[in-house]
Amino acid sequence: MSNPPEEVVKGRKILDDLKKGDWPNFVKEAQKTRYPVDLYGASLALKRDLFTTGGYVSVPGAPTGILMRVTSRPDIGESANIVRVLIPSGNFVTSEMLDKLCDLADKYGVGMVHAISTGEDIEIPGIPKEKIRDFIAELRQNGYECGSTGDAFRAATTCVGSALCEYSNLNTEEFRDKFYDMYNDFAKYPTFPHKVKVKVSGCPIDCGRATQKADIGIVGSWKGAPEVDEKLLKNLNNEEIDGIVNSCPTGAIKRNGSSISIKGEDCTQCMICVRKSKGAIMPGKEKQFLIYVGGKLRGKKGPLTGKLFARLNSPEEALDIINRIVEVYIEQAARKERIGDMLLRVGMKSFMDMMKEVPSSMNSKDLRTNVFYAVNEKDREEIPRKVSKAVGGD
29 MSNPPEEVVK GRKILDDLKK GDWPNFVKEA QKTRYPVDLY GASLALKRDL
79 FTTGGYVSVP GAPTGILMRV TSRPDIGESA NIVRVLIPSG NFVTSEMLDK
129 LCDLADKYGV GMVHAISTGE DIEIPGIPKE KIRDFIAELR QNGYECGSTG
179 DAFRAATTCV GSALCEYSNL NTEEFRDKFY DMYNDFAKYP TFPHKVKVKV
229 SGCPIDCGRA TQKADIGIVG SWKGAPEVDE KLLKNLNNEE IDGIVNSCPT
279 GAIKRNGSSI SIKGEDCTQC MICVRKSKGA IMPGKEKQFL IYVGGKLRGK
329 KGPLTGKLFA RLNSPEEALD IINRIVEVYI EQAARKERIG DMLLRVGMKS
379 FMDMMKEVPS SMNSKDLRTN VFYAVNEKDR EEIPRKVSKA VGGD
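Number 93 in our numbering belongs to position 65 of the sequence shown; there are no gaps in the numbering.
Errors might be hidden in some of the hints.
[As the list claims (entries may be wrong)] So the derived label-pair ranges between C-beta atoms look like this:
| # | residue 1 | residue 2 | range |
| --- | --- | --- | --- |
| 1 | Pro116 | Arg352 | 46 to 56 Å |
| 2 | Glu194 | Asp407 | 53 to 63 Å |
| 3 | Asp209 | Lys47 | 44 to 54 Å |
[Unchecked claim] SDA-like mimics (lysine to any residue), calculated; alpha carbons at most 25 Å apart, straight line:
| # | residue 1 | residue 2 |
| --- | --- | --- |
| 4 | Lys135 | Arg161 |
| 5 | Lys128 | Asp205 |
| 6 | Lys216 | Pro88 |
| 7 | Lys60 | Thr99 |
| 8 | Lys306 | Asn351 |
| 9 | Lys135 | Pro156 |
Note that these hints are calculated values from the structure, not bench results. What you are looking at is a predicted structure, and each value in this text was computed from that prediction instead of being measured. Every residue, glycine too, gets a C-beta built ideally from N, C-alpha and C.
Modelling step: build the complete structure from the supplied sequences, incorporating the hints.
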């Protein structure tokens, strides 16, 4: 660029400052690629993002997985596309896969790989529209697939589950694999009124954010009280044991000398005691699985946490319920309405009726603060007299 605009000149000075230091640096690395670094610098100088999301692109054979990235200043940097590549469950990406994706990024993109995104996929930025079909064809020749855009199942995300975590009550990787075996078409082809995110966590700590950001969330849980290992408990000093007892938000833990007891019906499975006990307290052995609906970060009605829909005895039941939920969602939701927004509109009870499930107290997120009492004509006359008599009136 022979005569760069003023914002590019200012941006380059900012980028030079960001490159100072001996540590690995984003700007230094980006300048080794074909990434539009001048556009990034101009954004910093103007204090606004010159890149905008331009929606989704579909090409023959690839209806999902391609995201447009449009610039408002094509004189500084060109618009291009991002392709989202689906990865193995649990984010266990092999070096062979990374090597191949890096080769494809060099060949078709700007020589950069975004690994791993918050949506648990790998993004290849900077692919021109005319190269997308060739990129996807070569991607599939190597056994990989793109997806996670549009009104379809987005990339199902999980925690590391039983592969690395001792707290996990659910094999999250196996569940995700079975999910894709059953619902791959819903992930590849935009079928829903809006996007649907499925997230899976192996325990109530919820590292997979199944209760926070998932339209449909599955959490590994248990029935009753957590398991207490008396031998490991003896390794804790009095201060540590008292800290565990006092940290319980419902007072479910009681101390009996050097041992403790936990009242299962009062346990909310907050996992505080499990994390503080150094292995002396672990999730219960009688497993159950919780399914949440309606969580999201963005949408018409803003952020929503998921509502507990059901407690299940097997992961297979959850896979069946997912199918029933999306059937109701497709039939009942308005265009561009997330599941959580639909629940706010129709109400949880109506949704349970549509699902042919019996509503229960667990489906209520909070207790009502505006409790109404229906009375008939006879009560309308009797109640004032009873109240008056109770307070000492005539």
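To see whether the hints hold, each was checked on the structure:
{"no.": "1", "hint": "Pro116 <-> Arg352: 46 to 56 Å", "result": "violated, 28 Å"}
{"no.": "2", "hint": "Glu194 <-> Asp407: 53 to 63 Å", "result": "holds, 57 Å"}
{"no.": "3", "hint": "Asp209 <-> Lys47: 44 to 54 Å", "result": "holds, 47 Å"}
{"no.": "4", "hint": "Lys135 <-> Arg161", "result": "holds, 13 Å"}
{"no.": "5", "hint": "Lys128 <-> Asp205", "result": "holds, 22 Å"}
{"no.": "6", "hint": "Lys216 <-> Pro88", "result": "holds, 12 Å"}
{"no.": "7", "hint": "Lys60 <-> Thr99", "result": "holds, 21 Å"}
{"no.": "8", "hint": "Lys306 <-> Asn351", "result": "violated, 39 Å"}
{"no.": "9", "hint": "Lys135 <-> Pro156", "result": "holds, 11 Å"}
In summary, the structure is inconsistent with hints 1 and 8 from the numbered list given earlier, while agreeing with the others.
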